[in-house]
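Participant: Residue-level listing of the chains:
Number of protein chains: 2
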Amino acid sequence: MSTLEERGERQLIEDFKTFLRPEGRVGPGDDAAVIDKDIVVTTDVVTFDRHFPAGMTYEQFGWYAAAVNFSDLAAMGARPIGFTAALALPPILECQAAYDIMSGIDQCAEFCGTGIIGGDTKSGPGIVAGTAIGTMDGRKPMLRSGARPGDIVAVTGPLGGPAAGFQAIEHGIDCQEAKEALYMPVPRVSEGMELSASGIVSSCMDLSDGLGTALNTLCGASGVGIDVEYSFLPHEQYVEDISEKTGVSLQDLMLGWGGEYELVFTADPDRLKRLYDREVEFSIIGVVNDGDHPELVKEGKRSTIGYGEY
Amino acid sequence: MSTLEERGERQLIEDFKTFLRPEGRVGPGDDAAVIDKDIVVTTDVVTFDRHFPAGMTYEQFGWYAAAVNFSDLAAMGARPIGFTAALALPPILECQAAYDIMSGIDQCAEFCGTGIIGGDTKSGPGIVAGTAIGTMDGRKPMLRSGARPGDIVAVTGPLGGPAAGFQAIEHGIDCQEAKEALYMPVPRVSEGMELSASGIVSSCMDLSDGLGTALNTLCGASGVGIDVEYSFLPHEQYVEDISEKTGVSLQDLMLGWGGEYELVFTADPDRLKRLYDREVEFSIIGVVNDGDHPELVKEGKRSTIGYGEY
Chain A
281 MSTLEERGER QLIEDFKTFL RPEGRVGPGD DAAVIDKDIV VTTDVVTFDR
331 HFPAGMTYEQ FGWYAAAVNF SDLAAMGARP IGFTAALALP PILECQAAYD
381 IMSGIDQCAE FCGTGIIGGD TKSGPGIVAG TAIGTMDGRK PMLRSGARPG
431 DIVAVTGPLG GPAAGFQAIE HGIDCQEAKE ALYMPVPRVS EGMELSASGI
481 VSSCMDLSDG LGTALNTLCG ASGVGIDVEY SFLPHEQYVE DISEKTGVSL
531 QDLMLGWGGE YELVFTADPD RLKRLYDREV EFSIIGVVND GDHPELVKEG
581 KRSTIGYGEY
Chain B
281 MSTLEERGER QLIEDFKTFL RPEGRVGPGD DAAVIDKDIV VTTDVVTFDR
331 HFPAGMTYEQ FGWYAAAVNF SDLAAMGARP IGFTAALALP PILECQAAYD
381 IMSGIDQCAE FCGTGIIGGD TKSGPGIVAG TAIGTMDGRK PMLRSGARPG
431 DIVAVTGPLG GPAAGFQAIE HGIDCQEAKE ALYMPVPRVS EGMELSASGI
481 VSSCMDLSDG LGTALNTLCG ASGVGIDVEY SFLPHEQYVE DISEKTGVSL
531 QDLMLGWGGE YELVFTADPD RLKRLYDREV EFSIIGVVND GDHPELVKEG
581 KRSTIGYGEY
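In order, the protein sequences belong to chains A and B.
Count along the first sequence starting at 1, add 280, and that's the number in the numbering used here.
Count along the second sequence starting at 1, add 280, and that's the number in the numbering used here.
Errors might be hidden in some of the hints.
Copies of the same chain are indistinguishable here, so a pair counts whether it falls within one copy or spans any two.
[As the list claims (entries may be wrong)] Here are the simulated SDA-like cross-link-like pairs (lysine to any residue), alpha carbons at most 20 Å apart as the crow flies:
hint, residue 1, residue 2
1, Lys-297, Ala-377
2, Lys-297, Glu-374
3, Lys-317, Arg-419
4, Lys-578, Gly-503
5, Lys-317, Asp-417
6, Lys-578, Pro-549
7, Lys-317, Tyr-518
8, Lys-553, Glu-374
9, Lys-317, Lys-420
10, Lys-420, Ala-501
11, Lys-297, Ser-403
12, Lys-581, Arg-419
13, Lys-317, His-331
14, Lys-297, Ser-383
15, Lys-420, Pro-302
16, Lys-317, Arg-301
17, Lys-297, Glu-390
18, Lys-553, Glu-457
Hint data in this document are derived by calculation from the structure and do not stem from the laboratory.
Using the sequences and the hints given, assemble the complete structure.
Facilitator: Structure below.
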């Protein structure tokens with residue numbers, strides 16, 4: 281029998297799935313569970329140890345702890361109706377730090393149209409276990425399965441910002457925009473609701489483990505292939521700048537890193553007007569085919585898109 | 281500015297309440313939040329450090345982590361529809377221990393009519409942050425406020441078992457019944473649903489912080505007094521035995537200790553038949569009056585019931 285360390289977190293999460301109801305999910309990176317009464321629930325743990333990059337404030341850490349959960353609701357198209365925060369913080373921490381964490385959670389919840397409805401606190405090494413509750417309001421939840429050959433593939437916003445932020449910190453580059461993208465990711469809750477309400481989205485998930493991983497997951501869940509056109513991948517200028525300064529390729533920053541909270545979705549190309557009418561911002565990055573994995577088309581050359589590191 | 285340790289957990293929980301929506305709650309010992317769509321949510325953190333008495337198994341720890349949350353739903357009269365478990369466990373722990381914790385949670389959730397619908401795991405010192413989600417199914421949630429002078433006060437089961445279990449361990453007394461009461465408290469979910477469905481219950485809460493604390497809280501929230509008749513307090517024979525063997529008074533075991541998960545409620549005495557018809561087991565322990573605090577009547581003598589230690 282092995283220890284948790286030997287088994288590894290990813291394998292353990294797989295193991296835990298045997299305990300789940302059919303409708304359940306285990307994080308990280310999975311969708312939320314849709315249960316009785318049209319209710320959607322997701323839980324994610326963030327820790328000082330793993331999710332507190334240099335320069336981040338406690339308020340931003342709180343925002344982040346909430347955002348990762350709301351992003352999972354967004355991927356389903358749910359409307360958030362509550363958030364609970366269970367904290368385990370070091371006894372030597374200043375009270376102000378704890379209030380700042382709660383304030384960051386509160387701000388993110390408010391941005392997502394809801395608030396903190398419950399919490400608990402015990403001493404611990406610096407852990408926030410958040411749970412976000414949402415409702416579909418009768419809409420059909422968006423799943424990872426459902427993409428069909430011929431569908432377009434799109435993302436809700438520019439890519440590579442959080443990865444650029446991480447590289448900026450590592451290399452001592454002063455780029456506030458990149459750091460903000462890393463510290464305070466924006467959960468695409470209103471976009472997710474619009475996508476599910478449009479009725480034309482065939483699959484959706486968030487990019488918390490990076491675009492490469494997401495595309496592989498979508499292909500696996502839907503039993504399809506995806507071609508992504510490299511030149512279509514949207515990104516801010518600062519991501520290119522940081523790529524140049526650090527030598528980390530732009531492709532890696534946009535595809536290989538997590539911490540990104542845009543949504544990727546597939547949709548019926550003949551009815552895209554419905555999305556434009558709803559004023560959802562998105563960029564088409566590729567097309568679904570009858571293959572079985574994602575490929576990148578860059579200057580006419582094809583390569584397989586692998587799972588990212590995160 | 282003080283540290284969390286200096287501020288103290290209870291005060292911190294009070295501080296955190298300023299971040300809550302009006303419908304929210306912060307544990308421990310508070311009710312669950314009733315939000316949009318008739319949904320009830322509660323979150324409680326348990327830790328190896330604080331909630332893992334000698335002799336407890338990992339499976340029982342898992343059961344306990346779930347039970348404390350379901351008990352909060354029970355106090356409102358909600359029907360559980362899901363449970364999420366966020367774990368932060370030591371990397372050196374054997375995998376089997378983690379599976380046992382999940383299995384204990386699963387068994388408790390199944391006992392409460394639901395299952396695990398989500399989870400996450402990170403490394404940590406041994407923390408389970410559980411969140412229970414329930415629905416009122418259109419019933420009115422039971423609150424702490426609402427007790428009226430003339431109402432009877434009742435509990436759903438015998439008192440002092442978990443406290444006796446704790447004392448048995450401390451004093452090396454072999455009493456399996458007492459230890460079971462401590463290790464595997466039974467959340468009174470079906471009782472809570474019946475109580476709320478009866479329409480005659482004016483207030484309710486669980487005894488997680490002990491009967492003394494619960495009675496004080498009910499009196500404060502409802503603006504009433506309560507007289508408890510000592511000889512009415514139900515208990516098992518083993519609680520008396522352990523009281524005798526350890527010298528800890530029976531009164532203390534029944535009133536002064538937490539870890540107890542029966543419900544205490546107040547109800548209209550003229551319509552009690554509705555509860556008997558529903559076959560809810562309960563023991564009347566006293567009556568609500570127009571005072572402002574709980575008193576114990578023991579052999580004709582009165583004393584104020586204080587908050588317990590837990």
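Participant: The structure should be examined with respect to each hint, and the outcome stated for every one.
Facilitator: Structure-based check of all given hints:
no.	hint	result
1	Lys-297 with Ala-377	between (35 Å within a copy, 16 Å between copies)
2	Lys-297 with Glu-374	between (37 Å within a copy, 18 Å between copies)
3	Lys-317 with Arg-419	both (12 Å within a copy, 15 Å between copies)
4	Lys-578 with Gly-503	neither (24 Å within a copy, 72 Å between copies)
5	Lys-317 with Asp-417	both (10 Å within a copy, 9 Å between copies)
6	Lys-578 with Pro-549	neither (22 Å within a copy, 78 Å between copies)
7	Lys-317 with Tyr-518	neither (44 Å within a copy, 43 Å between copies)
8	Lys-553 with Glu-374	neither (52 Å within a copy, 54 Å between copies)
9	Lys-317 with Lys-420	both (13 Å within a copy, 17 Å between copies)
10	Lys-420 with Ala-501	within (17 Å within a copy, 41 Å between copies)
11	Lys-297 with Ser-403	between (28 Å within a copy, 18 Å between copies)
12	Lys-581 with Arg-419	neither (40 Å within a copy, 62 Å between copies)
13	Lys-317 with His-331	neither (33 Å within a copy, 33 Å between copies)
14	Lys-297 with Ser-383	between (33 Å within a copy, 12 Å between copies)
15	Lys-420 with Pro-302	within (17 Å within a copy, 30 Å between copies)
16	Lys-317 with Arg-301	within (16 Å within a copy, 22 Å between copies)
17	Lys-297 with Glu-390	between (31 Å within a copy, 16 Å between copies)
18	Lys-553 with Glu-457	neither (32 Å within a copy, 67 Å between copies)
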